[in-house]
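Asks: Letter by letter, the chains look like this.
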Amino acid sequence: MLKGKKLKLPDRLGSLVAGFEDKDEDSGGSGSVSELGEELEILQPTGFRSDRESETDDDHDHNEVQEEEPMVKRKMKVDAELEHNGRQLRHEKDGLSHISVIKTIEVDEKRSDIEYEISQKEINLEKLQRIASTGIPEGGNLRATVWKLILGYLPPSRDLWEKELSENRKKYAKLKEELLLTPSELARMKEEAFQSHKHNNAHNDTAGPLIRHEISHEDHPLSLGKASVWHQYFEHTEIAEQIDRDLQRTHPEMKFFSGESSFGRKHRESMRNVLLLFSKLNPAIRYVQGMNEVLAPLYYVFSTDTDEKNASNAEADSFSCFVLLLSDSVDHFCQQLDNSSVGILSTLSRLSDLLKANDEELWRHLEFTSKVKPQYYGFRWITLLLTQEFNLQSILRIWDSLISSPFGIQEMLLRVCCAMLLCVKSRLLSGDFAANLKLLQHYPEINIEHLLQVAQDLTPDTS
Amino acid sequence: MAHRVDHEYDYLFKIVLIGDSGVGKSNILSRFTRNEFCLESKSTIGVEFATRTLQVEGKTVKAQIWDTAGQERYRAITSAYYRGAVGALLVYDITKRQTFDNVQRWLRELREHADSNIVVMMAGNKSDLNHLRAVSEVDGHGLAEKEGLSFLETSALEATNIEKAFQTILTEIYHIMCKKALAAQEAAATTKLPGQGTTINVADASGNTKKGCCST
Numbered sequence: 001m002l003k004g005k006k007l008k009l010p011d012r013l014g015s016l017v018a019g020f021e022d023k024d025e026d027s028g029g030s031g032s033v034s035e036l037g038e039e040l041e042i043l044q045p046t047g048f049r050s051d052r053e054s055e056t057d058d059d060h061d062h063n064e065v066q067e068e069e070p071m072v073k074r075k076m077k078v079d080a081e082l083e084h085n086g087r088q089l090r091h092e093k094d095g096l097s098h099i100s101v102i103k104t105i106e107v108d109e110k111r112s113d114i115e116y117e118i119s120q121k122e123i124n125l126e127k128l129q130r131i132a133s134t135g136i137p138e139g140g141n142l143r144a145t146v147w148k149l150i151l152g153y154l155p156p157s158r159d160l161w162e163k164e165l166s167e168n169r170k171k172y173a174k175l176k177e178e179l180l181l182t183p184s185e186l187a188r189m190k191e192e193a194f195q196s197h198k199h200n201n202a203h204n205d206t207a208g209p210l211i212r213h214e215i216s217h218e219d220h221p222l223s224l225g226k227a228s229v230w231h232q233y234f235e236h237t238e239i240a241e242q243i244d245r246d247l248q249r250t251h252p253e254m255k256f257f258s259g260e261s262s263f264g265r266k267h268r269e270s271m272r273n274v275l276l277l278f279s280k281l282n283p284a285i286r287y288v289q290g291m292n293e294v295l296a297p298l299y300y301v302f303s304t305d306t307d308e309k310n311a312s313n314a315e316a317d318s319f320s321c322f323v324l325l326l327s328d329s330v331d332h333f334c335q336q337l338d339n340s341s342v343g344i345l346s347t348l349s350r351l352s353d354l355l356k357a358n359d360e361e362l363w364r365h366l367e368f369t370s371k372v373k374p375q376y377y378g379f380r381w382i383t384l385l386l387t388q389e390f391n392l393q394s395i396l397r398i399w400d401s402l403i404s405s406p407f408g409i410q411e412m413l414l415r416v417c418c419a420m421l422l423c424v425k426s427r428l429l430s431g432d433f434a435a436n437l438k439l440l441q442h443y444p445e446i447n448i449e450h451l452l453q454v455a456q457d458l459t460p461d462t463s
Numbered sequence: 001m002a003h004r005v006d007h008e009y010d011y012l013f014k015i016v017l018i019g020d021s022g023v024g025k026s027n028i029l030s031r032f033t034r035n036e037f038c039l040e041s042k043s044t045i046g047v048e049f050a051t052r053t054l055q056v057e058g059k060t061v062k063a064q065i066w067d068t069a070g071q072e073r074y075r076a077i078t079s080a081y082y083r084g085a086v087g088a089l090l091v092y093d094i095t096k097r098q099t100f101d102n103v104q105r106w107l108r109e110l111r112e113h114a115d116s117n118i119v120v121m122m123a124g125n126k127s128d129l130n131h132l133r134a135v136s137e138v139d140g141h142g143l144a145e146k147e148g149l150s151f152l153e154t155s156a157l158e159a160t161n162i163e164k165a166f167q168t169i170l171t172e173i174y175h176i177m178c179k180k181a182l183a184a185q186e187a188a189a190t191t192k193l194p195g196q197g198t199t200i201n202v203a204d205a206s207g208n209t210k211k212g213c214c215s216t
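As given, the protein sequences belong to chains C and V, one line each in that order. Residues 1 to 463 (UniProt numbering) make up the first sequence, in order. Residues 1 to 216 (UniProt numbering) make up the second sequence, in order.
Hints are computed from structural coordinates only; laboratory data are not their basis. Treat the hints loosely; a few may be bogus.
[As the list claims (entries may be wrong)] Straight-line alpha carbon distances no greater than 20 Å define the calculated SDA-like cross-link-like pairs of lysine to any residue that follow: (1) C:425 x C:340; (2) C:373 x C:433; (3) V:42 x C:439; (4) C:425 x C:448; (5) C:438 x V:52; (6) C:110 x C:350; (7) C:373 x V:83; (8) C:371 x V:51; (9) C:373 x V:80; (10) V:42 x C:272; (11) C:356 x C:410; (12) V:96 x C:248.
[Stated by the list, open to error] Simulated coverage check for chain V against chain C, where a stretch passes if three residues somewhere in it have a Cβ under 8 Å from a Cβ of chain C: (13) 61-72; (14) 173-185.
Ideal Cβ positions, reconstructed from N, Cα and C, are used throughout, including at glycine.
Here chain C stands alone, though its shape is the one from the complex (with noise of 0.2 Å):
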C-alpha cells in the first residue's frame, strides 16, 4: 500500500521521500527513545488503566508536559503521565459516570497500545494502522508522529528517523530557497556568488565603476515573452494572492489560521509557502482552491506536536506530507483529467455505485426522484477530503480513519462520504431537490464514530 503511493509521486517531488538506507542517528534520542519502550512495556499491562476518569486528561497532559520542560523528549511525558494518573486517581472519588470512566480507559489503553507501538525499534505498520484507525488519542505528539509514519514519511526503523528528518527538513530549506525567491533576489544571490569568485580569483579592481547586471533580453521584466523568469513570476504572484485570500478563509473560527496575532500570521506564512511551493513544482495543476483546507490539518498537527523541534518543523513536515497525502488523489484536483479514469467524475460515478450496492432505494431517490448529483455535494467531499463539512476536530479523528484504513485514503473516504448519505437517510428520502441539496451541501453535526462505523461495515461495490 504503502510502497504503491510512492511510486505514484512525481519524480521532482518523490525526491523529498527520503530512502531507508541510513541507519545512524545522533545526540541523546536514541537512549530515551529505547527507555520509553521499556518503560511501556511495563505499563501495558491492564492495571494501569483504570486510573483516568475524562476525556479532558488530553489537556492536562498536554499542559503539565509543557510545564515540565520545553524540550519535551517522550520519556518524560511518560513520566508525567504517570504522575499525573496517581493525581488523577484522587480525582476519581468525585465521582464521574460510570460510562465516561469506561471510555477514558479505553482512550489509555489506546493511547499506551499506539506508543508502545511506536517505541519499537522496527514498527509494524500494519498492527498501528490496525490500531490508529479507530481514533488516535489527543495530546501529546502521537497523532503527528503516527500520521508521519504511515503517510511514509518516517520510515518504520526508529533509528533513521533523525537522520531522516534533517535531511528532508533540508532538501525543503534548499527548494524554498530555489524556488520562492524573486528573480531580482534570485540574480542578486547570482551575482553575490558571481563577484565572490571572482574576488577569489584575485585581479579585480574594486575602485572600478558599478558592474551592469547581466540580464537577457528574455529576462527582463517588460518582456512578454512566456519563458521570462519575470513572467513566471508575476503569474506566480497572481496565485499568491489567491492563496493568502483563501488562508484568511481556512477554519475562520480557529485563531490559530486566522487571527491577526504573530502566531495566526506565521502559520499563514508558512502555509503560504508550502503551497506556493506545491504549485511551483506541480505546473500542470498549480494551486487550487481548497487544497489549503486540505493542508491546514496537516499542519495544525504538526505544528502542535509536543516536541518543539517537530513543531518547528512543522512547514517542512507538512509539505511533504501533503504531497505524500495527495499522491493518489491529487488528480482530482486538475480540469484537464476531469473525464478520465482518474479525474473527479469518475470518482464521483464509484461514489455512486457504492451507494447503489449499500442502499438502493436510497441511490434511487438522490439519482432519479430529487435529481441531486454526486458532483453538486460529493465534488467537495472528496477533492477536501472532507475537510469544509465539519469541524476541525472531528476532521482528525476521520483522517485517523482515512489515513490508516487498510482500503486505503480514497477507498475509505468514499466510504464516509456513502455513510454521510446513509446517516441521512430518512430525512433525504423525505426531501425534494432543494432541500436535500441544503442538507448535504451543509452537512448537520452527527456523531463521529458512528459514521465511521457505518463506513467500515459498508458491502464494497463489486459491479
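Go by the hints and put chain V onto chain C.
Replies: Just chain V now, kept in the frame of chain C:
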C-alpha cells in the same frame, strides 16, 4: 428553467452568481437568502445552493440561486450549473480593479455556457469600502451600458442594494417570461399549456432570437 408549479410558488427561477474569487458572492447570497453576513466565510468550492421565495408583481417567485467558485478550475464542472439559468448576477469588487477588468472574461463565459437570453446584472460589491475604491461608479455604469447590462453598486455587509439587485433581475425575468408565454400561447393553439417541468424560453428584451428553446 422557469417552471410553473402549483401550491408553494408560481414560478421557479434559477440564477447564478459569478465573478472573481473574493469579491463577496457568497456573502451576497447569504445576505439575500438568510439576511446574514459573515466576514469570515470559507472559500466556495464547486457550487453552493440556496433559495428564497419572494413576491414579484403579485406572483410568488422562488429564486434558486447557485453560488459558484471563482477559480477557473471549478468552472469546467460549473458549466453544468449554468444550464437552465435564466438570470446571472456578475459581481466585481469596487476595491480591486482586476476583478472589474475580468468582467469581460465572465461575460464571455456566460456567452459560451449559458442561454443567450439570460438576464445579466452587474454588481460592484463592497460599496461600504468607499475609501479603498479602485473602480469609480461612472466606470461601472459605462461598462454596463456598453454591454447592455443592468448595474448597481452593492454592499453585502451593509445590506445595500442586495434586495434591489435580485428584485430587478427577477422582475425583468418575469416580464420577459410573461411576454414569451403570451406569444407562445398565441402562436401555437395546438401546444399544451406549460406544465411542471416545461421549460419556457426567456426572450431577450433586445429581440435577440437567434437561439431556440433552452430546454434541458
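Asks: Each of the hints needs a verdict: does it hold here or not?
Replies: Comparing the hints with the structure gives:
Of the supplied pair hints, the one linking residue 425 of chain C and residue 340 of chain C is violated, its CA atoms being roughly 31 Å apart against a limit of 20 Å. This hinted pair checks out: residue 373 of chain C and residue 433 of chain C have alpha carbons roughly 10 Å apart, not beyond 20 Å. Of the supplied pair hints, the one linking residue 42 of chain V and residue 439 of chain C holds, its CA atoms being roughly 18 Å apart against a limit of 20 Å. A threshold of 20 Å between alpha carbons decides the hint, and for residue 425 of chain C with residue 448 of chain C the separation of about 16 Å falls inside it, so the pair holds.
The hinted pair formed by residue 438 of chain C and residue 52 of chain V meets the criterion: a straight-line CA distance of about 12 Å does not exceed 20 Å. A C-alpha spacing of about 33 Å is found between residue 110 of chain C and residue 350 of chain C, which places the hinted pair above 20 Å, so the restraint is violated. Between residue 373 of chain C and residue 83 of chain V the alpha-carbon distance is near 14 Å, which keeps this suggested pair within the 20 Å criterion. Between residue 371 of chain C and residue 51 of chain V the alpha-carbon distance is near 17 Å, which keeps this suggested pair within the 20 Å criterion.
A C-alpha spacing of about 11 Å is found between residue 373 of chain C and residue 80 of chain V, which places the hinted pair at or below 20 Å, so the restraint holds. Our distance criterion of 20 Å between C-alpha atoms is met by residue 42 of chain V and residue 272 of chain C, whose separation comes to about 17 Å. Taking the CA atoms of residue 356 of chain C and residue 410 of chain C, the gap is about 18 Å. The hint holds against a cut of 20 Å. Annotation: proposed proximity of residue 96 of chain V to residue 248 of chain C holds, straight-line Cα distance about 17 Å (limit 20 Å).
Counting residues of the segment 61-72 of chain V whose CB lies closer than 8 Å to any CB of chain C gives 5, so the stated coverage by that chain holds, three being the minimum. With 0 residues carrying a beta carbon less than 8 Å from a beta carbon of chain C, the segment 173-185 of chain V misses the three-residue requirement, and the given coverage is violated.
Hints 1, 6 and 14, counting from the list given before, are not met by this structure.
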